[in-house]
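A.B. asks: Guided by the hints, dock chain G onto chain D, whose structure is given.
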Amino acid sequence: MNPHNKSIDELKEVAAQVRRDIVRMVHAVNSGHPGGSLGCTDYFVSLYFKVMNYSTDFKMNGEGEDLFFLSNGHISPVFYSTLARAGFFDPKELATFRKLNSRLQGHPATEEGLPGIRVASGSLGQGLSVAIGAAQAKKLNKDNSLVYVLMGDGELQEGQVWEATMYAGGKKVDNLIATIDRNGQQIDGSTKEVMPLGDLRAKFEAFGWHVMEANGNSFETLLPALDQAKAATGKGKPVMILMDTEMGYGVDFMMGSHKWHGVAPNDEQLEIALQQLAVNEAADY
Amino acid sequence: MKEYKYTEKKDTRSGFGAGLLELGRTNPNVVALCADLVGSLKMGDFIKENPERFFQIGIAEANMMGIAAGLTIGGKIPFTGTFANFSTGRVYDQIRQSIAYSGKNVKICASHAGLTLGEDGATHQILEDIGMMKMLPHMTVINPCDYNQTKAATIAIADYEGPVYLRFGRPVIPIFTDPNQKFEIGKAWMVNEGTDVSIFATGHMVWKAILAGHILAEKGISAEIINIHTIKPLDEEAILKSVAKTKCVVSAEEHNRLGGLGDSIAQVLVKNTPLPMEYVAVNDSFGESGTPEELMEKYGLSENDIVDAAQRAISRKQA
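Keeping their order, the protein sequence lines are chains D and G. Heads up, the first sequence is in the UniProt record's numbering, so the first residue is 1 and it goes up one at a time. Heads up, the second sequence is in the UniProt record's numbering, so the first residue is 1 and it goes up one at a time.
So that you can see chain D by itself, here it is in the shape it has in the complex (with noise of 0.2 Å):
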């Protein structure tokens, strides 16, 4: 069972609340990554308030529960945003981003012991094999649960990626639903111009995977994506969605462009910002 099931419109509240975390948070410190948080961010509420089956009473073993990995670790802020609002730590913590003594690193660890973490992330590359390494136990413990995992689409550029992608399809990973985040940036520009990716779907489908797309920044979209990847597990192949996001999706001036890939913004962007993510404020932080 998922703890929290909501509705759509109830989804869209909580991602604005999440939106408003993520910009705040890196505001604070003035440092962090807003446009891959903000543009994930319906993805890991769509996971955390709908699809994934869980308790929020973290154990690391998560026996009988779905499991999530994050790959690109740069993106805390949404992941820890998500993981206060879901219930696992009180939400005054995200306070502590990237503070000294806090057990919200600038990337995800699980040496602090921060309730939700599973593995450290943060240089990339290495998400994939880890979520293999659990789906893999989960069927030698006859876990019939699921075990997710996002990727960068710029991640794609390191080698073990395709070390894992091989693998999962070779050797039929069939309980496992990987997740790029394609929003086409990473720090030096777009994609297309730091090393084009090619064709994703004719990549991932020649390595043995179904192979899926769904908009990312749709709750109508991503949510029926989701339970179709639910619905081709267990078939003898890997699942990816190829997800299309844009980076700083829900805040104009920081939407489309790499540019707000790792910087925060000013007192008077943040505000901006704030604005165009009413909600309820009484529910901040």
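Bear in mind the hints are in silico, worked out from the structure with no lab data behind them. Note that the structure is predicted; figures quoted are calculated from it, not measured. Mixed in with the good hints, there may be bad ones.
To be verified - Listed next, the in silico DSS-like pairs over lysine-lysine satisfying Cα-Cα at most 25 Å (straight line): (1) D:Lys-139 - D:Lys-235; (2) D:Lys-142 - G:Lys-187; (3) D:Lys-171 - G:Lys-48.
C.D. replies: Chain G only, in chain D's frame:
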């Protein structure tokens, strides 16, 4: 000098294989992963009995480390197997982030360490692995000395919760430790009590240290020989107790002089009781092709090198 007799010689990697086989029978959570070197790592017997608990990863060591990290989340105890070079240098960042920093219970089992890999040459002869692994917080580093000890260590690390680097090798060497020994992580093993010099040796160099001890005895020198099978955590107590008596030190390892066992011991001495110390190690160079014996001779890792180092250390003692 205590006599160590042996009737048989075997490679330490076979000790790993035997230990893994036993774990397969006794611990249902133990799983094994290999990157296309099943025969070299002697994993065949485990695989035959436990095919469902074995993961053939192919030639993709980075992916193997990640998958191993993931398997721990479901309560498995993964033992990864490949050559020491591909177990460490090739995958340092994967070990650092997904295993060590993430506190994952992965056992990184590394064969063909050091020069004694032989003819394959320097691309495969890693001499920096102990240094890389001991620098990682949370990592335990073990380098046992013979077949029996490697088997015992393999079994022992399954019961220890946390990442471990287990280093062993290819050459066939005397089996001189107890087949029924209980392996204690972090507890140095007294090989021979002596009074003139402390020789701290690890891995294949322990047998060489015993040979050196006999040569030294003929020269009237009483060598204390201690097997430091666990380089991290280091048994500082055993080291300090020994040097309090002998007042000089030789370290012996099949590894680069920089960053290995010797440096760990030197740190203990500097902090507690500065004393003359000599290194028997590879002098900051890569290896090359050759037989294991030729290489150990050329790179200064023979019993005679230990003897010379012991005499140098003794001569530096303050009267």
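A.B. asks: Which hints, by number, does the structure contradict?
C.D. replies: 2
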